[in-house]
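Asks: So you can see what is in the structure, the chains are spelled out below.
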Amino acid sequence: MAKYTLTVNGKKHRVNVEDDMPLLWVLRDELGLTGTKFGCGRGFCGTCIVHLDGEPTRSCMIAVDNANGSKITTIEGLSPDVSHPLQKAWIAEEVPQCGYCQSGQIMTAAALLEQKTNPSDKDIDVAMKMNLCRCGTYQRIRKAIHRAAEEI
Amino acid sequence: MAHPTVSRRDFLKVSSTAGAGLMIGVFLPVKERLIDAGLVSGQPFEPNAFLAINPDNTVAITVAKSEMGQHIRTSLPMIIADELDADWSQVKVTQADAHPDKYGSQGTGGSGSIRRSFGKLRKAGAAAREMLIEAGANEWNVDKSECAVSNGKVIHKPSGRQFTFGELTNKAASLPVPEDPPLKSPKDFKFIGKSMPGMDTRSRVNGAAKYGIDVQIPDMVYATVVRCPTFGGKVKSFNSRAAKKITGVKDIFEIEEGVAVIGTNTWAVVKGQRAADIKWNHGKFAKWNSSRIRTMMKKKGLGNAVVAREEGDVAKAQQDADNVLEVVYEVPFTSHATMEPMNCVAHVKNGKCEIWVPTQVPQRVQTTAAEALDVPEEKVIVHVTMLGGGFGRRLWADFVTDAVAISKKIGKPVLMLWTREEDMAHDFYRPTSIHKLSSTMTKKNKATSWSHRVIAPSISGQLSPERFSDGQLDRSAVNGASNVPYEISNILVDYVMTNTQVPVGWWRSVYNSQNAFANEGFIDELAHAAGTDPYKFRLKLLKNSARHLGVLKLAAEKAGWGNKLGKGRGRGIAVHESFGSWVAHVAEVTVNSNGNFTVDRIVGAIDCGVAVHPDGIRMQMESGIVYGLTSTLKGEITIKDGAVAQSNFHEFELLRIDEMPKVETYIVDSHEAPGGAGEPGLPPVAPAVTNAIFDATGIRIRKLPIRPEDLRV
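So the sequences go chain by chain: A and B. The letter at position 23 of the first sequence is residue 23 when you use the numbering used here, and the numbering goes up by one with no holes. Count along the second sequence from 1, add 1000, and you get the number used in the numbering used here.
None of these hints come from the bench; they were simulated from the model. Just so you know, these numbers come straight off a predicted model, no measurement behind them. Using N, Cα and C, we set each Cβ at its ideal position, and we do this for glycine too. A hint or two may mislead.
Derived pair list, reagent style EDC-like, types lysine to aspartate or glutamate, alpha-carbon separation capped at 16 Å [as the list claims (entries may be wrong)]:
| no. | chain 1 | residue 1 | chain 2 | residue 2 |
| --- | --- | --- | --- | --- |
| 1 | A | K122 | B | D1600 |
| 2 | A | K129 | B | E1257 |
| 3 | A | K143 | B | D1658 |
| 4 | B | K1662 | A | D125 |
| 5 | A | K143 | B | E1664 |
| 6 | B | K1245 | A | E18 |
| 7 | A | K122 | B | E1659 |
| 8 | A | K143 | A | D123 |
| 9 | A | K129 | B | D1658 |
Residues on chain B that point at chain A, a partial pick, calculated with CB under 7 Å [said to hold, decoys possible]:
| no. | residue |
| --- | --- |
| 10 | V1375 |
| 11 | W1561 |
| 12 | R1656 |
A few chain A residues facing chain B, derived, Cβ under 10 Å [said to hold, decoys possible]:
| no. | residue |
| --- | --- |
| 13 | K12 |
| 14 | L78 |
| 15 | C98 |
Isolated chain B, as found in the complex (with noise of 0.2 Å):
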């Protein structure tokens, strides 16, 4: 197939209606050409970003991405800022509706808005900055050599006139769309590499922020779900009479997933459900548990795995081997636990569906509306509002499809909210894992083998189980497994997949965390069975990973790696690459006689290469720290009678602030394309604290979270 002609300009698109303005939508319109052309492989396109420029001076840019606390809408406003040089009080900020056509994937996950968009953003406040220095030009009748742009406007040289922006914008508009725009210099950024104000902070601490569970349109009413605790379990019956009684309730009806109760306010639908003794047929789930799962993955990993990466030959270095160290890690399922529950408001009426929506995925909550529906995905408006929390939890629409089945019943707007119990009992969670490592060494401690046998339940299997079915390479699974960055010639990383009814989802750092905790634990093992300090055994095994190194350098000098702890402590260090970043994490811990312990600091160094926005990358690796924590030292998923056990904050413990440890942050200054940064910061965190553990105990943890009777002797 020959390829189409396919013009730089398809990147940029300039649109203007009379007296608008110059509106550049930095979106592909022909995303399948330019994947034909090979401009665009395997990355997904994500422009991410609308740029108008208002004859009010303004600039407004529409962030298509969703803001759950990582400040996007302060830091893509930034890239495009810089380039075009406005002033940062021109900048306003809106958020996108749904609409694939005009941005491309609005998914926001995988910490990949800034490194998907950071060049094409750029280009796009360039051409703008060309554009509108042309048309300054063109009214001055200068050469445009002699104009430039500072502050959001446009500047003759010689003769000091100036136009706002604003004022040049119509002219602009109907100039050609510059192909290649100069980008700065990075040595002339003015916002990328500021820390610049948050653009959401202000509405956060007055309670003006608009989350999904604040929505009120008028005639709204509310609802609650409850689905069967045991997965897979289906309504029996339930007592719609008793529920209608409360005050408040105006109905009660079973929709697909479980059963809905309509009122008046949120306290009535709550009573109405209690009220409603709803029985449930547990199905065949009901008999499994925690342990039989973990029994079955035991069983399962003995038998055949599908090979994920392979070097040399393993099998010949244990049989020449002086010494093998065999070892099994476990991680638990953990829960998302965002601190706004699920929630959705929808309003369906006359063939047209709206929906206000904290998502991670607009564009999947319209296409499942409209399904469900069954209307064209036009007819589906998402608006989304603020996320209290995502971390992966809001790249599901699941309970979109409650508020859309109940809004269609009743023909009004609603709003509705899960209970925390239900938003706990029917997460997506992280998957549980349990890894098999081993590794030869010479008599001189020279590590020979790696093998690591990855034992999980698979996202994708569960997704798409006609493409991923037992026996088949889940790479997401071994993601961070498959990639160990250590130079030990004979490597065999493999996979078993080990799906039960729980699901399972894309939690912070997805496969990253529990396979981040196996490597950094084993590889510290390695080091000490070794007789070598951890870091410097790391330090050798990465000579030709010039980034990985950088970070454990900077890490381990700011902990002060070296000196001397006192009695009970202990200082261990991790690190770990993920979504295009290094992380090293450097703990320290004090352990008490009876077991108690303490984190007291982690210093980390990220290398995310260039970093838009510091103090939001510091942010995130403080947030990526606290999460991996609590993962740590508490928050597991255990299964009942095929049900979540944890039903609450009392049973599902977060970390609070008299546990914070002390958290320093560094940034290796980088020149490189961006990376990620909302999730890099958390894989090295459990490694990291069970290799202080040990330096303070001996004491080596494989499971977590770690509690202390693991640490009694």
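Here chain A stands alone, though its shape is the one from the complex (with noise of 0.2 Å):
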């Protein structure tokens, strides 16, 4: 066991768990922002992207140590009221279906669009195509994109 100091979404948390606890698991069960999602465990499907230091980053994949003194940012953290262009052009476009992946995808695009301010369909294939849904909202969210894109 480890004492670290995560700072999320703008507040400081102490948490003591062991040092290879992925920082999913650190969100979810040490601090209860159960935004983030489990989907595979093993950075497959990226239900589970967070921003470290304003990178989409699998939080499954990496170990609370090597995240110590990053500055994360999880879904509930993205905006304070749902202000966000890409929430609002994902409640505009009615992009979720049963919604558990879409923390990931609109992780995934914030960060892409902080890259990007105007991506092209390709630009969002090759941002997006780690972040499978099963629902198959897929061509939503390339719409959604767009659509905040322009509000940018």
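Now that you have both chains on their own, put them together as the hints suggest.
Replies: Quick look at the structure:
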């Protein structure tokens, strides 16, 4: 066990956990931030994506020890009031079906828009192709990203 | 037996506690009486909702169906609120706990939530509206014909006076329930047919939506369970000392279905499970693999079959035929692979049990837990969370048994979560199947017979082996095969049951996915054998099936059927009816010389009767297409040494965004009773794609999933 101070969504949290515990479980089980989801545990599906110093990161694949000192943003911290352009676009396009993968989708898309304010379809494919959605919301995700890009 | 008198009032029940306002339960207190009276027949009665109009002017609708992405928490309230003429902002939705007496069947499946309750929910809304109007008329001492409702208010038209629903609800509650409240004319619908915003969309974009895996209650511990990977195998040994050495692991023990590891967080129990070095007695099925299953099925398929449909004389048609075409189609096992792995929170305490679970069957959860604990059902409270996907997987309560057994043993609330590997290894898979089809033709290429033998494991046979054994007909297994719609004078559809130890279950559209692939691929072959355009060939053989024709024509028109496509490109069409709806898809593909191909576009047309929530229907079409494409292009479950060979998403791949075709959905304008939407979009996907590949290459794909090597000649 080791003590870590994590900055999550602008707030400092002290946790005492095993150093190999993936960030995902620290967020969910220790901090109660359950918006970040578990899908595969091996970095294949993207449901657990959060931002680590702005970079989209699979939280199931990074040990807390390696996240120490980084600025972590989860879906709960993307905006205080569902006002991020992507969240608004997701609502306008009615993207979510079951919604389980959408935290990861939105966090990946948010990192994309940070890099490219007006992404092409190809850019969206490259950025989003590691995020799986079993309900099949891909077409609406694409539309919503374009819509959000227009607003930014 | 004399039929007891049944009042139509039995469909609606008003209950009222002082000051609580008007509450209408759309349910049936005496189902058996109505069945006896012939008022409800084989159709399960599914009331689905409970309406309460509160003094604070909220219209509270309790939805008893599970929300798994189909927006049922939006569409069912729309139906009630429309007849009630509520203001949409008044409508508040809550999720029902399991309660068979209150809600009837809460099972969410068979694309049935709307089609089985549309009329009843309208009637409930209409009855409440009439009672509110009468209460208002009484207050004003005017004739109720002078009063009307609009946007949550009762209005006295001549004077313009008005009451909110909230102001009248206590008075309305004491009035008799109208037996036959007038229903709106469809032209007056204000929500039905409009795409109202999703009730849960906001919570699904900010992390607030609570799935089963997100439940956290005081004193809760975490657990995971591993079962023997080989079906039918048992635990041999495990190293509990090594597991308990892991920080955070509290306990490890055997339960009926496998080994449970308990700890203070998920990571601890996952590590504990790995450290435990569990050994298994794999049992007899360890000698089985996919090719042995296939061989067994093929061999059995040569033997006796049970007839599902027989018209005319196929044998004679074969004797008289100028041409006979015989082919075999094959479909593999596949997994549901919901994004949220199976999980359940259970708290067993003092002979009671409280459960929080993402389930399609709250009442099955309740009975399963009650049986496991040997307590009466009312001692088990079941809260239904959001479901991170269902698709039929959550019609089972196997994972509930795990959670209940653990909580019972440790006396604490537990969140039992399967890893993805466990979820993939212990699904109830879409049955693998083999389809032997043959047809005869005259010299002029007129089809004179159609025969289809379905060779597949039986879900019913697995559930009730005493009722469905070898040689018996599982009607469900021939769904989509026995009702082949084409007008051919001699038809024979039969079935051979080929059960194995591999658990099988209801996978989105159930046997329609396999049978539609076989039907619609084969009819395409007949069209090409006859040298006829496959779209026109279908039209000719469906000339008396208006709804098939409607979707075929709409899809073909919107897709530009007949327009030239470039080199390497092809277009295919398929149509199928299931769950009370008709769907046609036109797929366009591009095939490269190396056999790689892309699905570029799918144009779908659906006739689901009245379109209650059109955007929801479009979503379900898009979803059915993606789900269907995954099983057409990749997602295959194979068996090796008696176990599932795929462990995670690197081996069981799903369609990704860069493979997503352009999808267009068109809805037939209809006043017919509503049909289903969740499943009907799936069955015609695979054949539309394989028919398009044939159009592009001349190669006929009869086995799923399609592989690039199939397209290299």
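Asks: Now tell me if each hint is right for this structure.
Replies: Evaluation of the provided hints:
Distance hint between K122 (chain A) and D1600 (chain B) is fulfilled; the C-alpha atoms sit about 15 Å from each other, no more than 16 Å. A threshold of 16 Å between alpha carbons decides the hint, and for K129 (chain A) with E1257 (chain B) the separation of about 36 Å lies outside it, so the pair is violated. With a C-alpha separation of about 14 Å, the suggested pairing of K143 (chain A) with D1658 (chain B) holds against the 16 Å cut-off. With a C-alpha separation of about 14 Å, the suggested pair K1662 (chain B) and D125 (chain A) falls inside the 16 Å cut-off, and the hint holds.
With a C-alpha separation of about 13 Å, the suggested pairing of K143 (chain A) with E1664 (chain B) holds against the 16 Å cut-off. Taking the CA atoms of K1245 (chain B) and E18 (chain A), the gap is near 13 Å; set against the 16 Å cutoff, the hint holds. Note on K122 (chain A) and E1659 (chain B): the hinted pairing holds, with a Cα-Cα distance of about 12 Å set against a maximum of 16 Å. With a C-alpha separation of about 13 Å, the suggested pairing of K143 (chain A) with D123 (chain A) holds against the 16 Å cut-off.
Taking the CA atoms of K129 (chain A) and D1658 (chain B), the gap is about 6 Å. The hint holds against a cut of 16 Å. Hint status for V1375 (chain B) relative to chain A: violated, with the closest Cβ pair at about 30 Å, above 7 Å. Interface restraint check for W1561 (chain B): the shortest CB-CB distance to chain A comes to about 22 Å, outside 7 Å, so the restraint is violated. Restraint check, R1656 (chain B) versus chain A: the minimum CB separation of about 5 Å is within 7 Å; hint holds.
Using the Cβ-Cβ criterion of 10 Å, the hint placing K12 (chain A) at the interface with chain B is not satisfied: the shortest such distance is roughly 20 Å. Taken as an interface hint, L78 (chain A) checks out: its beta carbon lies about 7 Å from the nearest beta carbon of chain B, inside 10 Å. With a cut of 10 Å, the hint placing C98 (chain A) at the interface with chain B holds, because the nearest CB-to-CB distance is about 3 Å.
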